[in-house]
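Asks: Got chain A; can you put chain B on it based on the hints?
Residue numbers (the numbering used here), protein chains in the order written: chain A, 1 to 132; chain B, 1 to 123.
It is possible that part of the hints are untrue.
Below, computed lysine to aspartate or glutamate pairings styled on DMTMM-like, alpha-carbon distance capped at 20 Å [claimed, not checked]:
id	chain 1	residue 1	chain 2	residue 2
1	B	Lys58	A	Asp33
2	A	Lys44	B	Glu56
3	B	Lys35	A	Asp46
4	A	Lys28	B	Glu56
5	B	Lys118	B	Asp39
6	A	Lys31	B	Glu51
7	B	Lys38	A	Asp46
8	A	Lys44	B	Asp39
9	A	Lys30	B	Glu56
10	A	Lys28	B	Glu51
11	B	Lys117	B	Glu51
Think of the hints as simulated: they come from the structure by calculation, not from any bench.
It should be emphasised that the depicted structure is a prediction, and the values quoted were computed from it without experimental measurement.
Chain by chain, the residues run as shown.
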Amino acid sequence: MSFDLIYGITTSIFNFITFIFFIVFWMKLKKMDINVFLARIFLKADRFIAAFFALWIAEISLTIGYIVATLMAIWNPYTLIWEYTNISVFFFLMVFFILFTGLYPRRRHKMNGGTPVQPQPSQSVQTGEKQQ
Amino acid sequence: MDIYGVVVMSVFAILAAVGMIGTYLSSQIIRILIKHRKDNAPLTAFLLNPESSKHEIKWFLFPAVTVLLTGVFTLAQKLLGPISFTNPLIAGTFLLAYIFGILTAMLVVYVVYRWYKKMKRFA
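The shape of chain A in the complex, shown without the other chains (with noise of 0.2 Å):
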């Protein structure tokens, strides 16, 4: 198995995954209230800033492994140096996206997009309904 083929199919599986979680995040995002994840964000600033941080990184990559690919093009148009750049710049993305949209990992409540909360029974209520 040649590393052409390895690099194919790991960022096309980077690239997949990037494009599912923001697709499952964008028809949440048209159906709940857009103030439900702008206080998600607010609230989980750290997670945001992770995102952005992830994003950095995978300019950072970008940046380095491409001046590196251009200077060797000059002795060697048949690098292959991108490709590993490319894997980094991909993995990278992919994280920014899944931090960004919140969506792993799980989050403990369901957003329910402002939906009215059924009102509970009290404990009261119920042991008077007993005693009559």
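Replies: Chain B only, in chain A's frame:
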């Protein structure tokens, strides 16, 4: 150096330049977010403008679609076999993978620039 080498080198140089701009913008965003770690002022601004925030989030749809197309054409080209510019199918998938890859990098940097513009006043 032949014509193939020149084309490859210019593509690599474009991607390196795009990466430099993206590095600067994303590092500025991280700096602004960490600076306002206590009060979360940039995120409060997002919270108070839900309509424009939704518009900004929707922009990420374009890189998400182009990144999928990059993956599809990369896998197709690798499964079809080694590069040969005489075969139109292999040459087409190879070139489309390149084009969508460059488009993805540019779109991500453009969307990050839009986010940076919204956070700039907190810097």
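Asks: Sort out which numbered hints this structure fails and list those numbers smallest first.
Replies: Per hint list: zero violations.
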